[in-house]
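Peer 1: Chains as they are written, first to last, in this note's numbering: chain B, 1 to 537; chain E, 1 to 162.
One or more hints might be untrue.
Below, a sample of chain B positions facing chain E; criterion: calculated Cβ distance under 8 Å [claimed, not checked]: (1) P356; (2) S360; (3) G365; (4) D424; (5) S466; (6) P476; (7) S488; (8) V489; (9) D495.
Over 12 Å on every C-beta distance to chain B, these chain E residues come out as not near it, computed from the model [said to hold, decoys possible]: (10) L65; (11) Q71; (12) I78; (13) K79; (14) T92; (15) P99; (16) V106; (17) K112; (18) G125; (19) A134; (20) S135; (21) S142.
If you are wondering where the hints come from, they were derived from the structure by calculation, not from laboratory data. Every value quoted in this text rests on a predicted model; they were computed, and no experiment measured them. Backbone N, C-alpha and C fix where the C-beta goes; we use that ideal spot for every residue, glycine too.
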Amino acid sequence: MPAEAKGESAMMRRGCIRVFAVFAACCALMACSKPKSWPMFRHNTARAGHQSVKSSLSDPMKVANLKVVWTFSPAGAQGFYSSPIVHDGRVFIGNGNGFFYALNERTGAVLWQYPTGTPLTSSFMCNPSSFGIASSAVATRVNGKEAVVFGGPDRSSGAHLGDGHLIALDAETGALLWESPAVAQVTGSGFNDLHEQIGYSSPLIFHDRVYIGIADHCDNPIQNGKVVAVRLSDGTIDTSFNYVSTSTRGGGIWNSPAGKDDDLFVTTGNTRNGNVSQPAVNHGLSVLRLNKDTGNVVWQHQPVPYALDDDPDWAAGAVATDTSCGRVVTSQQKDGWAWSVDAGAGGVLWAFPTGPWATSGFQPGDGTVHGDTDYKRPGAAWGGVYLGVMGGLDTTTNLSGGYTQLHALNVCAPENRRVRWIKDVPATGGFGYPLGPPSISHGIVYVGTNEGHLVVIADPKVAPSSGWRCSDPSVPLPTCAILGSLGSVVRLVPDPAILKDIALPGASAIFGEPALVGNRVFIADTSGKVFMLEADP
Amino acid sequence: MKHRIRGSTYTAAALAAGIIFLQTGCGGEQGDEETPLLPEARPDETNFSPFTPRNPYKEAGTNLLERKVFQALGPGGIKIELLDLFVLPGKTADHISLPGPAVLEVLSGEGKITNGDKPQELRTGTTFSIAQGASLSLESRSGVPLVPLVVRARVFAPGGSP
Numbered sequence: 001m002p003a004e005a006k007g008e009s010a011m012m013r014r015g016c017i018r019v020f021a022v023f024a025a026c027c028a029l030m031a032c033s034k035p036k037s038w039p040m041f042r043h044n045t046a047r048a049g050h051q052s053v054k055s056s057l058s059d060p061m062k063v064a065n066l067k068v069v070w071t072f073s074p075a076g077a078q079g080f081y082s083s084p085i086v087h088d089g090r091v092f093i094g095n096g097n098g099f100f101y102a103l104n105e106r107t108g109a110v111l112w113q114y115p116t117g118t119p120l121t122s123s124f125m126c127n128p129s130s131f132g133i134a135s136s137a138v139a140t141r142v143n144g145k146e147a148v149v150f151g152g153p154d155r156s157s158g159a160h161l162g163d164g165h166l167i168a169l170d171a172e173t174g175a176l177l178w179e180s181p182a183v184a185q186v187t188g189s190g191f192n193d194l195h196e197q198i199g200y201s202s203p204l205i206f207h208d209r210v211y212i213g214i215a216d217h218c219d220n221p222i223q224n225g226k227v228v229a230v231r232l233s234d235g236t237i238d239t240s241f242n243y244v245s246t247s248t249r250g251g252g253i254w255n256s257p258a259g260k261d262d263d264l265f266v267t268t269g270n271t272r273n274g275n276v277s278q279p280a281v282n283h284g285l286s287v288l289r290l291n292k293d294t295g296n297v298v299w300q301h302q303p304v305p306y307a308l309d310d311d312p313d314w315a316a317g318a319v320a321t322d323t324s325c326g327r328v329v330t331s332q333q334k335d336g337w338a339w340s341v342d343a344g345a346g347g348v349l350w351a352f353p354t355g356p357w358a359t360s361g362f363q364p365g366d367g368t369v370h371g372d373t374d375y376k377r378p379g380a381a382w383g384g385v386y387l388g389v390m391g392g393l394d395t396t397t398n399l400s401g402g403y404t405q406l407h408a409l410n411v412c413a414p415e416n417r418r419v420r421w422i423k424d425v426p427a428t429g430g431f432g433y434p435l436g437p438p439s440i441s442h443g444i445v446y447v448g449t450n451e452g453h454l455v456v457i458a459d460p461k462v463a464p465s466s467g468w469r470c471s472d473p474s475v476p477l478p479t480c481a482i483l484g485s486l487g488s489v490v491r492l493v494p495d496p497a498i499l500k501d502i503a504l505p506g507a508s509a510i511f512g513e514p515a516l517v518g519n520r521v522f523i524a525d526t527s528g529k530v531f532m533l534e535a536d537p
Numbered sequence: 001m002k003h004r005i006r007g008s009t010y011t012a013a014a015l016a017a018g019i020i021f022l023q024t025g026c027g028g029e030q031g032d033e034e035t036p037l038l039p040e041a042r043p044d045e046t047n048f049s050p051f052t053p054r055n056p057y058k059e060a061g062t063n064l065l066e067r068k069v070f071q072a073l074g075p076g077g078i079k080i081e082l083l084d085l086f087v088l089p090g091k092t093a094d095h096i097s098l099p100g101p102a103v104l105e106v107l108s109g110e111g112k113i114t115n116g117d118k119p120q121e122l123r124t125g126t127t128f129s130i131a132q133g134a135s136l137s138l139e140s141r142s143g144v145p146l147v148p149l150v151v152r153a154r155v156f157a158p159g160g161s162p
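Bound conformation, chain E alone (with noise of 0.2 Å):
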């Protein structure tokens, strides 16, 4: 019976101390803790944080989003500006104008212009030019799955002040 209670004592006691050991982590490394993911945005998501971005997209058209990048006076007065077009994933941008000639690079995404009745298939560096005064679509149907596509323009425009 004495023994019986000893070893009860003992054994309490060794619980206690991994206990202690395990719960507190005292100064001993802990295992990797897990990291679920963070709940989504709700659909009417309003609380938004004051963080304003330097030089956001704008919408400039049906499922697209536009914004100049850089602009200045050229030789001869022509003014080079660059723009960046997001197109949304899975969306068509139509009747896409440009004030002036341009070299187009495909930054991210996969898709298809097509300017005037001559499609073309697009990916992440692909270029073209587009004539002035073309009116273009720009498809995306990113291989990879709902990466917009973002074009950047460099149109030649008419001059003027920048």
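Extracted from the complex, chain B is given alone in its bound form (with noise of 0.2 Å):
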């Protein structure tokens, strides 16, 4: 090569080098500079409800001095059946009154509130989710501008009575950036009357466009479950985009829809109530992967059968994760057990409590039961763990045994060491919402109880835990032991340590999920209060 020619071969080289340089100062700059957040309901599009960064709330030790900051009830305040999201700086989050609200993060100072006349209800009061704005918020940009996405009741449109809606507010000042269309309606509360709502659905943003899940008001009957889409830049929608659940009612979707690269996942609830046989399309009861940009169905997973439909919704959202068996789907439906499935081609990896249902589906006459029994909070996955409430290995022999229970799985094990551990979350058990939605930051737990309570609880890999008891938990510790030896999936697991139990001054019970913020927690509870929790840096 010539002088000249590596001359200028060198100076390209050093070129590149500062260029570079500056590019990955600058990165590092922005990124340690960038505020932490919780931008949406369960932190990410795959709704791992996981704090991906390291903070105190990830530290055992500073864990301990977990405190109260601040208490936020707004004027009328009905309960927070929606949770709080946080970014850059703001807090925001719906109430059952109607009303929604930006708080200054640090001080719990309202910033504004939307609307500022007429609040957002339905004409129907007969669940929680049917109280004013029950959808979790997600932030993001609109034509360049922060912005908070939310849906919620309006009865401006149709009948009046409160169609659903996606909004879109300018973060900053609460001025509305669009309002959808009614994506959800209501005309009237007969048998034949359209009584749509999105509920606790959230939405998901997700390659320009805002999705939602409908669901019903009250059921008496069901209404068809449908997922519509709304583009991110100005709420109208988008038509090419159409997923129903059933070819007549039923599979509602009470969850958020979760997405991750170019998949969505939703999971749906049953269609037997109102039907008189099973509907020719029938996705209820399952989870499943749509197409993002048609929503067609890419796989079906379905392991209850219509015959079998005695109302065990689908309630908890899917839970997408990349872990060391590949991308998994996992979520529990209502009747407490929990699935598996291959985010690709949609086959089963396991059932929790595993049995012949595997493989062929729970089948009539096989024992099982599938009623309206009450596993109906999302999980939350940390690397090739799942964590949510379900009903554990004693399923079949006491249907609300789990309710106030946190099992966490192994995603990728064998069979027989399914069970990572399982805590009991002092809680009030028996029907309801005893545990609201676990979130985790390293190992860490961080889950609101019936009682007010916020509760958190240390994996055995970052805390000691407090001793061995049984992966099922009805069975004497010495049997289990043997059982376990002999590689049983009843076997001795951990009982993991309770790092901090707080019981937040005047709270009612906790229905949405611990926002984790670096060191900041974030919680509502069906008083009307929201509570920012900080430990030490």
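Now that you have both chains on their own, put them together as the hints suggest.
Peer 2: Structure follows, in structure tokens:
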């Protein structure tokens, strides 16, 4: 190579190094200065419920000094059935009173509320999801502007009974950026009237669309489940995407769609209520992968057939995670069974608890029960661990035994190592919602209870457990130890330690998730309070 | 020479920035981390947690655990009991006798029941009846490996105070 060319090459190399150096330094600075956030329900589009940034909340020593810093309760408060999201120094949350609030993250002071006039309510008041705004928001950018999007009823359209709309607001001022046409229609309360609702579904912003799930007010009868997509830029409905759950009614989407890369996942409610026979198209009681552009079903896993449908809605949403055994979708149905499915092709990886149904689904006469039990809350994922409220190994003998338990499952482990640990969380048992959705920060789990507590639990990887217990809660320990040594699914598993159990001042039952933001926890209760707790940095 | 020093400085700065970025995860998303399986309990483990189940099984015979999940007085002085029988995986529980006639249903696992000299294959969902005073054996040999056989018995026993 001529000397001149060598010199040019060296100069170009040096130039590249400089550009790279400046770029890397900028990246580092931007990353370090970027505010920590919990920008949507379950933190990310995969709905993992995991704070991926390490902070005091992932340090078992620092969790001990977690304390309440501020409490917010709006005038005329009703319950918070949505969860707070936090982005760019602001907390966003909608209340059962029909108003949506932006708060200062550090102080809890109200920055703005929406609307300033008539609240967003519907004519139905028969279920917590029917009260005001139950849809958790998502932070995004709309046409270059920081924005927040949520779903809720609005009586200004249709029959003025509270059709469901998606609403995008300027995150800084609360000004309306757009309101979608009605995506859930309410025409009355008669058998043949529409009484669709957005309810608990939180919008998923994914590839320039906003996806929202549609269920119903109060059943009687159930409505046809839908996923509707609107354009992020202006809120108009994107009719190229079309998904409905059945050819008649049923399959309501009671949860928040999940997305990862190009894949869209939802779970659906039951179909039997209001149908005289199985609909010709029945995507009810399923976990589904949908084509994000068309809404076509890519695969469907429906373990409970129509014949056994006694209302075990799939109310907990799908959680999509990349694990050592590939990309998986995991969730649990209202009947207490948890399922993990290959996200690509839809094949079942496992059922928990396992049985013949893991390969063939449930069958009439197999002795299993699939009713209106209360395993409804979405789980969380931390690497190859899935965490949630589910029935457990004794589901078949004790339908409600898991209501106050958290199960951590090893997603990719052999069957007899599925249970990682079990924790009984102090809460009032029985039906309803004893525990909220758990959130996790690198092995430290945060969960609200129906006694108004925030309970913090440590995976034994990050802090010693309080000892061993049996993976089947009803089996005595000596027997359990013997069975474990034989390789049974019934074996000793850790009982993780509770790092902190905080009675939130004046709190009622907690329905929503804790939002973990740096060293702060944001959580709301059903008496209408939002709490911010902070651990020392 | 001057250029080489400046180039090295830039390279070092770039590396440092990269390391900071990767190590601190300053505000950025970190990938899914490794969550290895936790260690197994030792065979002689005695560090048990304070958790106590509300209605645990109790040993009721060789390879057999039992618990009562419901009891009530029925019509005609009959006592109705719901019992769960738990047969250890891969084991057989012999000489099981119930306090009265019963209807049994397999809640989990697979195996075989022998009632007198009449063997019957069992799978989840199988129901069968047992006459008063019968002695039976339950063999757990689940098709799903290592899942215990659990049989719920609705027993109609002679009356008395529940």
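Peer 1: Would you mind marking each hint as holding or not holding in the structure?
Peer 2: So, going through the hints one by one against the coordinates:
1. P356: Holds. Min distance 6 Å.
2. S360: violated (11 Å)
3. G365: Since the shortest Cβ distance to chain E is 5 Å, the answer is holds.
4. D424: The hint holds - B/D424 has a Cβ within 8 Å of chain E, the shortest such distance being about 6 Å.
5. S466: Holds: closest Cβ of chain E sits about 5 Å from B/S466, inside 8 Å.
6. P476: Holds, because the Cβ-Cβ distance from B/P476 to chain E comes to roughly 5 Å (cut-off 8 Å).
7. S488: holds (4 Å)
8. V489: holds (6 Å)
9. D495: holds (3 Å)
10. L65: violated (6 Å)
11. Q71: holds (16 Å)
12. I78: holds (23 Å)
13. K79: With a cut-off of 12 Å, E/K79 remains clear of chain B, as the shortest Cβ separation is near 21 Å.
14. T92: Non-interface label on E/T92 holds, nearest chain B Cβ at 14 Å vs cutoff 12 Å.
15. P99: E/P99 is indeed farther than 12 Å from all Cβ atoms of chain B, at 20 Å.
16. V106: Violated, since 6 Å does not exceed 12 Å.
17. K112: Holds: least Cβ distance 16 Å, greater than 12 Å.
18. G125: violated (4 Å)
19. A134: holds (21 Å)
20. S135: Non-interface label on E/S135 holds, nearest chain B Cβ at 23 Å vs cutoff 12 Å.
21. S142: Violated: least Cβ distance 9 Å, not greater than 12 Å.
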